[in-house]
Each structure stands twice: as C-alpha cells, then as structure tokens.
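Those sequence lines, one after another, are chains U and G.
Letter by letter, the first sequence follows residues 1 to 428 in the numbering used here.
Letter by letter, the second sequence follows residues 1 to 428 in the numbering used here.
Quick caveat, the hints were computed from the structure, so don't treat them as lab data.
Heads up, the beta-carbon is just placed ideally off N, CA and C, and yes, glycines get one too.
Keep in mind that the hints are not guaranteed to be accurate.
Here are the in silico distance ranges between beta carbons for each label pair [claimed, not checked]:
1. Lys414/U with Gln62/G: 54 to 62 Å
2. Glu154/U with Asp3/G: 26 to 34 Å
3. Tyr275/G with Asp287/U: 48 to 56 Å
4. Tyr275/G with Glu354/U: 27 to 35 Å
What follows is the residue order along each chain.
There are 2 protein chains.
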Amino acid sequence: MIDPIILKGFRDSMPKEEMPKRKITETLEKGFQSYGFVPIDTPVLEYSSVLLGKGGGETDKQVFHFEDNGGREVAMRFDLTVPFARFMAAHSSELALPFKRYHINKVWRGEKPQKGRYREFIQCDFDIVGVDNTQADYEILSMMHHSFHLLGIERYSFHISHRGMFNTFLEKLGVMEFSTEILRAVDKLMKIGREEVKKILVDIIHDEGKAEEVLSYITPDENAGFLERLEKLEALCGGGCPGSIRLREIYSLLKATEISDAFILDPSITRGLDYYTGIVYETFLTDLPTLGSVCSGGRYNNLASLYTKENLPGVGSSIGLDRLVAGLEELKSPLLANNSSADVMIIYRPEELEKAEKAARVFRDKGIRTDVYLSPEHKSKRIFDYADKNSIPYSLSFKENAVSLKCHKTRETKEYSDVFDAVEGIKI
Amino acid sequence: MIDPIILKGFRDSMPKEEMPKRKITETLEKGFQSYGFVPIDTPVLEYSSVLLGKGGGETDKQVFHFEDNGGREVAMRFDLTVPFARFMAAHSSELALPFKRYHINKVWRGEKPQKGRYREFIQCDFDIVGVDNTQADYEILSMMHHSFHLLGIERYSFHISHRGMFNTFLEKLGVMEFSTEILRAVDKLMKIGREEVKKILVDIIHDEGKAEEVLSYITPDENAGFLERLEKLEALCGGGCPGSIRLREIYSLLKATEISDAFILDPSITRGLDYYTGIVYETFLTDLPTLGSVCSGGRYNNLASLYTKENLPGVGSSIGLDRLVAGLEELKSPLLANNSSADVMIIYRPEELEKAEKAARVFRDKGIRTDVYLSPEHKSKRIFDYADKNSIPYSLSFKENAVSLKCHKTRETKEYSDVFDAVEGIKI
C-alpha cells in the first residue's frame, strides 16, 4: 500500500476550495473581457535558458528545473511575466498591437513553505502592450476598479504613484546613482516602519538631510486629496515633469468616469523592481488592512528586451489569487455565498427510478442543477447528511399523484401537482 | 538576445485558440454542474513513488520526473486518474460518498511529438465514485449526452458494451486465461481490421474456431437494434448474466428519458485496460468518422487499491480536449462562431477621450464588451486592421450632437442621439 501523501508546499483543491476559486476567476475574466482583453496560455515547461536568462544565478534555487529525457535543461514557469515577454517576442507579428491579454494559471516556486506561502499557486496577470499613453494607464486602473466591483467587494482603494516622477525627484536631490537601493528601502516602509527605513536611507546616501527629504517625499499629508498631494510632489521635483503630467491626465479621466474616489496618490508606493518606469500601484481591501496588496503592477518601458529588439512598452498588473480568495472569504463576499453542488436533490423509492430521472431532465432543462441521489433510499439519515455536506438547499420526492418539495433551511414542505409546477418552488 | 523558442511538443495558446478552448470547457462544466458534479484540482508535481507506484517500470520514460532541490524524487502528473485515486484515498473520510467530481487540467507526457500529439495537453475527467449501480452508469451516460448536446453538436453516438459480459463469454468459451491479450487484440479492430485481429487471436488462443467465435461476438448485426444485439450476446454467453441485466436496465432508463437513440450496443468496444470491469464506452462524432473517440471510459471495481483498503467502485470518462476542440472547429460549431475580443470598438479624436471612456462605461454596464481603441486615431487603416484581427463587429464614433455606429459586416452606419440609444443597435 502506498501512502497517499503530497509534497510539502502543495495542496489538493477540495470542491469547497475549488468552487470559490473558480467563481472568482470567472468573475475576473468577465471583467477583463468587458474591456476587450483576451486570454492566452503558455507551456508550463520551457527551456531553462529562456526562462532564467543566460545567467540564471540566485533565482535558480527557487525554480523547479531539471534535465528532461532528451537532455534538455528545462524549468517550470515561476511567474507569468517572463513567459509573456517570450510570448510577445515570438508572436508580436501575428498579433494586432496594442495587445490586451490576461493569463490565469499556476506557477511554481521552490520557496520554503510557510503559512500562506505555497510552492504551487495561481497567478492572474493582465497587461496592455504596445502603447505608452494616458489612456492605457487609465484603462488598466479602470478595469481593476470594475473587476473589484464585480467581485462584490464594497470598500477597496488603489494606491498609485509614478516611478518616473520619483526618479525626477531623486535626480534633483542628486542621489540618482543610489536609486535602486533607495527604491528597495522605501518599498519596506509598511513592513519595517519609518525609523528603520530612515536608518537604511542614511546608510545608502550618507546624508541625513537628504534621507529626510526622501522620507518627506514618500510621506503624504494625511488630509490632502489627489491633486493637492500631486502639487506637493511637483514642488519637491522642482516643478511639473512628464510623470506628474501623466498622473494629472489619468486623474482627470478617473474623475470624468466617476471612479476617482477609490484612487489615492501614495508616493510611498514604489514597487521594489527596477522593471517599472511609469505609474505603479497596489490595491488594498479597506476592511482587511493587514491582508496586504491584492493586485499590484505598473508601467514598464520594454517588456521583452531579453528576446527581441522590438520595443514593447506596456502596463499591467498581477493578482495573487490565494490572497484574494482568502480576503473574499473573510469578507463573506456574496459571490461565495452559494457553495452548493446542486440546487435540488431528488430522492426516490426503488420503483421510482425512471420517474426520478425524468424529473431530473425537466429540472436540468430549466437550468436547475439536479442531483438524483445515487441509491433508492427514501428517508435515511445518510441521504440528508449527503445533502448537508453538499449544501443542497432543496429535495424532491414523489407522492401518489404529486411531488413534494422540501426546503432544507426552513424545513418547510410544499406539494405540487407535478414536476413542472415544482420548478417555481426552487429559488436559486 | 535569447531566442524566444519553446520546447518541442509544447505550444503557446494564442487568443484564437484559447478562446474556443475556454468556451468548450465552460460549456462542459455547465453540463457537469447541472448533474451535481463538483470540481477538484490536484498538484501538478507529486512524489514519483506515489504517481508511478513502487515499481515504476516502462511508463517512466513517458513521465517528466526529477529530483527536486530537497532531494525528493518528484514527477509531473501524466493523467488525472492516478492523482484522483490518490486524492480519494487521502480525503474519502471528508467527502460525502457517493462523490461526483470533474477535473479539467493539463497533464504531461514525454511522448514523441507528432501531428496531433503533444507533450502538454488538457484532459477532462469526470467520475462517480462510491457506488456500483445502474443509476450511476446511466447518469454518466446521460450527462455525456447532455454535455455533447450543450456543445451544439448535432450528431454523435455513444458506443457501449460491457466488460463483465465479455468475460462471461470468454469463460464460457474456455479462454478466460488469455483475457488480457484478447482484449488488447479486439481493441485494435478499428485500427487494423478484422483479418489482422483474427490472426492475432489465433496466435493467442491457438484455435481458429474459437477465434472465429470471438470475432462473431464482437461483430454486431448491422441492422439490429440495442435489445436485439443484446439478445444475441446473451445467447453467446449462455444466457442472461449480471452484465446483460445491467445493460438492459441502463437501456430502459435511456429509453424512459428519450435519449436512447444515441446509444449503440457495440461489443467491439473493450477499452484496452484491465482496469475496467463493467460498462465501457467510446463516443464518436457522426460527421467526423475518422476523428476517433472524443470521450471514453467505463466502470471499474476499485479506484484506489494502490493507496487504500477502502473499496471505491466507480464509473467515469475522460475527454481529450485537443481532439474535441479540433472536431468542433471542423464541424463549425455555433458555440465557436463568435471569436471577437469585444462587441464594439470606440474610436475617438484627441479631444474626445473623456467622452469615449464615459461611453465605454455605459456599454460595459449594459454587458457589452467594449474596446476603446488605444490611440486617438479616427479613420486610419490601422484601426480597422485592429478591429478585423480581433473580429470586433461594431465601431462607435462621435458626431457633433450624435454618435455613429458602424456594423463592420454590413458596412452600414446608423446615427443615434446618444450612447444610451446606441446600445440597442448592437446585436451580440
């Protein structure tokens, strides 16, 4: 006998986990599609040299990679960004640019498993590639707003900032040479607090006054609105710059489409990666402040420079599905309220099987999910345990010249002259 | 620069491939859910010893397996049956039996890539586990019928037979000891023809008369119906047996629910695997006779005997999604008719961007997928190339006090006083 165990950091997805996950991805997809985004997929396995770049280096340990039976060095994708860059380089001539795609699928990382961290998890990425303008930035943000609305979340906010504008500021301050280290330090603000960040900044810049100025830049006035904050940042940058102009234009579109309230100009958002060059953003659920960002991203200059000379600017986001699912469950999202495997269960006596299957056809044709209990038991405890475990709200049984529909929640039973009439008794 | 190539036998899924694939799986899921089936997922990577059994042996070469960074021997799943057996052994106490699950996801095999054969492909499995009765067999068949109906396929047939009944026949013939070899030979009938099968059978049984009797069993009378064929088989078995009784009961339910016409008793269907013990079946699209079976399966005695002492009988099927997608495309299924990325594209002059985004909100709120073209061009060729490549059927532009809606197919343009009015001009 083999022990049916699974690897550490991996999970089975039981129906009660898989159903909400699917409802959430279906809802997100609906949101993306309403903006004209299309789905793609890429292979789980690729050449290591393609996924990891020539060097490989430190990330290697986090990547599942091996030599296949043909002697090729292959790796399992560890995110959806690198395969997308490779995809765009390979197919840009077949696609009509700008290209708006989403990709929802699993990725793998050999990280140390810990609470909420797994070695196999689902990511959801969406990007607009091939254009660098205000409209594309706005569309990504607007689509995020629309999608979170569709998910039935009541209170959420998008914290947005501009990497280019931050660079303008660093240049004016004369510390541009340390930009990468400063970005990483600032990115830790939420985690380690102002004082610790200041220490690191002083270590980097060797100038306490300048460190203070950086802290001043990234600390907005609590009570100031989007435009007020923007004016303060412009002043610190020595006047308007392309980044601040872009932010102003985006804000004007958000305002025109009446969704600006959810967008907060937050200069402490920098995103750790060098990759970003324009707007950057993170998304927080107001009622779950400790959950962390559930959707992050930004604008980049050049998606696929590793693979092609073609310049492919873009803007995009990534949702970590595990965290979003956990958040929605904690918020008791109405989207996840119904976890039933079927709307109605039909129970029957041995001689009623044909009747039961005919009734099931009637229900199914009306769009009612119908489970004919798989043995001719009529009133046993087992049968109601089954309905309970599967959260099936109704059961139907047969009387001499009628059918009897029971609502499991209210325990009320109602009789109907036939199955067709019973259809209206089932409230989905 | 790294060449953006992918591994042999692997594929990118472009939007024009990914969209139909998703429509098909969504439709299948709808069919499964209407029968009370629930989704699960399992890890892509598992312990090699769990996936391959202790021995491993010949299949090993077809399986992607390696030692991970922690020194564990791991393998990528090569089907959805073995992980499901492991899953049931691990979780049967948490689940309410009978358990009806579906699982649609990728599997990997290191087979030699050839036309229509890939190393990464999607399988769709569905099973009823924990019960062995007529109703469960019927429900699987009925659900298959319902799902193919939902896919918009007009003509399909399910070829069904009974492994237990075939064994009764082999026993009566006194050749039961060769059953495995005989099954494999019969399974090749469609591929290599009657004469070749006969040669193999004679080699196995060393008795031409008995080989002829096997051929007679597996060759139904062209013009005979289900029950007539069943009677002939019963006679060859020496009378009714549990298998023939089960088939008769299933047929009676199919008849009662008015779907029996699609079911053909075909004793040449044996399925090569030892695994099956009851009904076995394959599914053919009538208008694509050379495509092969698009959905196959049967009843088994014991799903998870490798992992648990608990007896888990079941019945289930597997759909190879690639073949089904190819079939539906060849049949020009109406399900796949609409491959547009959006229902309408909005085009605008530079000063009209806010207007355009406001209009998009109106459309999206009405459920109309809306693509605001991502630059302020108004009449260029590029913009209509984009609409064409994305199969977008309508475009909207602005006039002084009106909006103009163009249908790309008819080339007709119609004016509306505002965007709200234009909604009704868009036929999805």
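Hints, one by one, checked against the model:
In this structure, Lys414/U and Gln62/G meet the distance hint of 54 to 62 Å, their C-beta atoms being roughly 56 Å apart. Separated by about 48 Å at the C-beta atoms, Glu154/U and Asp3/G break the suggested range of 26 to 34 Å. Our hint of 48 to 56 Å for Tyr275/G and Asp287/U holds, since their Cβ atoms are close to 51 Å apart. Checked against the given bound of 27 to 35 Å, the beta carbons of Tyr275/G and Glu354/U, roughly 30 Å apart, stay inside it.
Going down the numbered hints, you'll see the structure goes against just number 2.
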